[in-house]
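Colleague: Using the sequences and the hints given, assemble the complete structure.
Protein chains: 2
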Amino acid sequence: MSAVLDTCRRAAAVKHTIGALRTTEKNRVLLAIADALEAHREDIKAANALDIAAGRENGLNEGLIDRLTLDDSRIDGVADGCRAVAALPDPVGEVSEMKLTPNGLKIGKKRVPMGVIGIIYESRPNVTVDAAALCFKAGSACVLRGGKEAYRSNRCLMDIMRGAVESCGLPADCLNLIDDLTHEGANEMMRANGLIDVLIPRGGAGLIRAVVSSATVPVIETGTGNCHIYVDASADLDMALEILNNAKCQRVSVCNAAESLLVHSSVAEKFLPIAQRRLNESHVILHGCPRTCAILPDILPATEEDYGKEYLDYEMSVKIVDSLDEAIEHINRYNTGHSEAIVTHDYFAAQKFLDLVDAAAVYVNASTRFTDGGEFGFGAEIGISTQKLHARGPMGLRELTTNKYIIYGEGQIR
Amino acid sequence: MSAVLDTCRRAAAVKHTIGALRTTEKNRVLLAIADALEAHREDIKAANALDIAAGRENGLNEGLIDRLTLDDSRIDGVADGCRAVAALPDPVGEVSEMKLTPNGLKIGKKRVPMGVIGIIYESRPNVTVDAAALCFKAGSACVLRGGKEAYRSNRCLMDIMRGAVESCGLPADCLNLIDDLTHEGANEMMRANGLIDVLIPRGGAGLIRAVVSSATVPVIETGTGNCHIYVDASADLDMALEILNNAKCQRVSVCNAAESLLVHSSVAEKFLPIAQRRLNESHVILHGCPRTCAILPDILPATEEDYGKEYLDYEMSVKIVDSLDEAIEHINRYNTGHSEAIVTHDYFAAQKFLDLVDAAAVYVNASTRFTDGGEFGFGAEIGISTQKLHARGPMGLRELTTNKYIIYGEGQIR
Chain Z
1 MSAVLDTCRR
11 AAAVKHTIGA
21 LRTTEKNRVL
31 LAIADALEAH
41 REDIKAANAL
51 DIAAGRENGL
61 NEGLIDRLTL
71 DDSRIDGVAD
81 GCRAVAALPD
91 PVGEVSEMKL
101 TPNGLKIGKK
111 RVPMGVIGII
121 YESRPNVTVD
131 AAALCFKAGS
141 ACVLRGGKEA
151 YRSNRCLMDI
161 MRGAVESCGL
171 PADCLNLIDD
181 LTHEGANEMM
191 RANGLIDVLI
201 PRGGAGLIRA
211 VVSSATVPVI
221 ETGTGNCHIY
231 VDASADLDMA
241 LEILNNAKCQ
251 RVSVCNAAES
261 LLVHSSVAEK
271 FLPIAQRRLN
281 ESHVILHGCP
291 RTCAILPDIL
301 PATEEDYGKE
311 YLDYEMSVKI
321 VDSLDEAIEH
331 INRYNTGHSE
341 AIVTHDYFAA
351 QKFLDLVDAA
361 AVYVNASTRF
371 TDGGEFGFGA
381 EIGISTQKLH
391 ARGPMGLREL
401 TTNKYIIYGE
411 GQIR
Chain Y
1 MSAVLDTCRR
11 AAAVKHTIGA
21 LRTTEKNRVL
31 LAIADALEAH
41 REDIKAANAL
51 DIAAGRENGL
61 NEGLIDRLTL
71 DDSRIDGVAD
81 GCRAVAALPD
91 PVGEVSEMKL
101 TPNGLKIGKK
111 RVPMGVIGII
121 YESRPNVTVD
131 AAALCFKAGS
141 ACVLRGGKEA
151 YRSNRCLMDI
161 MRGAVESCGL
171 PADCLNLIDD
181 LTHEGANEMM
191 RANGLIDVLI
201 PRGGAGLIRA
211 VVSSATVPVI
221 ETGTGNCHIY
231 VDASADLDMA
241 LEILNNAKCQ
251 RVSVCNAAES
261 LLVHSSVAEK
271 FLPIAQRRLN
281 ESHVILHGCP
291 RTCAILPDIL
301 PATEEDYGKE
311 YLDYEMSVKI
321 VDSLDEAIEH
331 INRYNTGHSE
341 AIVTHDYFAA
351 QKFLDLVDAA
361 AVYVNASTRF
371 TDGGEFGFGA
381 EIGISTQKLH
391 ARGPMGLREL
401 TTNKYIIYGE
411 GQIR
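Same order as they appear, the protein sequences are chains Z and Y. Just so we're aligned: 119 in my numbering is position 119 of the first sequence, and the numbers increase by one with no gaps anywhere. Just so we're aligned: 100 in my numbering is position 100 of the second sequence, and the numbers increase by one with no gaps anywhere.
Heads up, none of these hints are tricks.
No distinction is drawn between identical chains; accordingly, a pair holds when it is met within one copy or between any pair of copies.
When the alpha-carbon atoms are kept at most 27 Å apart in a straight line, the in silico DSS-like pairs for lysine-lysine are as follows:
1) K352 - K110
2) K352 - K99
3) K110 - K99
4) K99 - K109
5) K106 - K352
6) K109 - K352
7) K45 - K148
8) K352 - K270
9) K309 - K352
Hints are computed from structural coordinates only; laboratory data are not their basis.
Modeller: Printed below as a string of structure tokens:
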């Protein structure tokens, strides 16, 4: 058996142990992990320094080096993150929809752990701790596979966490990190049916595509967001300006940032020049449809590719539409099922947009930037699901669990 | 574009139309389909006769010929099935967990259609109507791929249903049947990402394995059931006998039938002989562990393979265990995550079994045969999910839908 499958097998072997833990026991472990991370901060920084040195040698840009870096304040952050997860309510064990059937069976739906959760992610080493803490609190063993550039940091964080788990008298194999970072290793993990119950890729569009096309274990797609702001004919243009600016510029590198602006033709001549002026403050590059370019002659023309693009940068496509229907059709054609917003005063336009736009989160008169586990009140999130199966939108602890039916009988037969 | 992808594309093109229909409109279509199936019963029987003749020529056994056959009473059955689906409550549009966030956003979780549901199934042509009716009521377009042996029947049923949809003024492409029944055609359907939102294989273990290993669209596994009856030390042995007999013999070819009997060693000498006598009435072949064989010397020895086998026949594996823990461990090792039952008088044994057995449905003192959409009160089901993602256990209309978050704002930005 390969090292990867062996890791998966060891995780599966302890899943029933961790699944049966009480909330107080799980919280005690999470607090022990937080303390251990703080106690070993010098080890973490030393391992991280090696990753950073190797990254610089390999020519990583400063943005990536920054994502890779674990300084004291970030170590405090991941430790506090564990404590925050410990403070969250435990979804496991809740029984909903308990009912009595005509023949006297009591049937209830009980929330239970997944078993083994696999997560494949990219550069940021703090994900190693965040993901492990969430999976643990959700009662599942985890198998994590981080990026090559962060391997030494991830290994150090994982060893500290596993030590803390053991110090609480529990098997370290509740938390696992894959050491084999080859393509073959990834493929083994993606095809570990029977060992891994769900696989969550967290990262860029390329990673997610690769996992979706190769995995045979169930996958939850996360992340890519080609989000639109549609300024309706009846929009309050000042409100539209604030929402547009916030959704585009507050943080450009995140999946819930807006990438495309649609403007109703009846307000385009008035709105587009003020929108351009506002976005210019952040040096946003605009790619417009021909009618937009006629109003804003100094911008770039939008290609078909622009409409489908998640820039993750100070860049945006702009299109004038003649109706709400045209806006909805455009969005349903080019979006990635993440977050979409209409700015309008019109009751019927608001309802139609909410009804017909096909996305995880659909907004009326608010910024798309709110699609986030914290903002939605979940406390913490493992990612934003953009697929329709199991979980759609921010995934918190609840979405990391499944259910089983429990049935109390008195000898019933069919 | 291939014929298969073209069909998927046409389904996707109308998904927003069907998704926006009101319940009354959908019900009107379902009743029109029921009427049309009855009105065209001679056409259906004629097409079916061709399938049956071809089946006999190809040497199908009588069991399969029976599954293939559509006589008047079965045609009445599928038509009534459509009327029953029309009578079910519509899950689409329900908004749950609407809440007001601290910054004044109103966030709710709205149940919405999947979009396009693909279903790959085997011989029985009535599935064509059942599946189409459920998907339609759930607000999704469907792409169905039935078995080769039933193709003429399926095509006839589908043409009648599409005609009924059109007669109601709606696009026929809401309902689709794949004509290309080659392996390549199946693969195209399984990899139609962006067109098919979820794929549900309905059939034997081989079909389901093939779909799980080839599909890149999200899949819900259904069906295979290696279900156990565990007779605990404290069991009422009369009750255990009735439950065992019902779970094994009432209908052997279904996924919720029992395939394996576990008996606590303290009651084995008493229970096994009476169990054998009772099962002998239905000529059940037993495969026992060495200790079982010592008590019942005339049975076959069980191999490792027997413990993992879904016989779907008058056949059963039997094993003596020395504790509840050993029973749970055996079940979690060999089961397929379907339905498991304990017969016991012991409160703690019952709770432990419910807590620790990893399956879609876990029973205390009742037959596993109750794992069924109808018995669970869902009215109709598309199958029994044995995976943990999205839906686990019987899948009714609700499980054929997804959700999106809708957010009402007043200009909020982050």
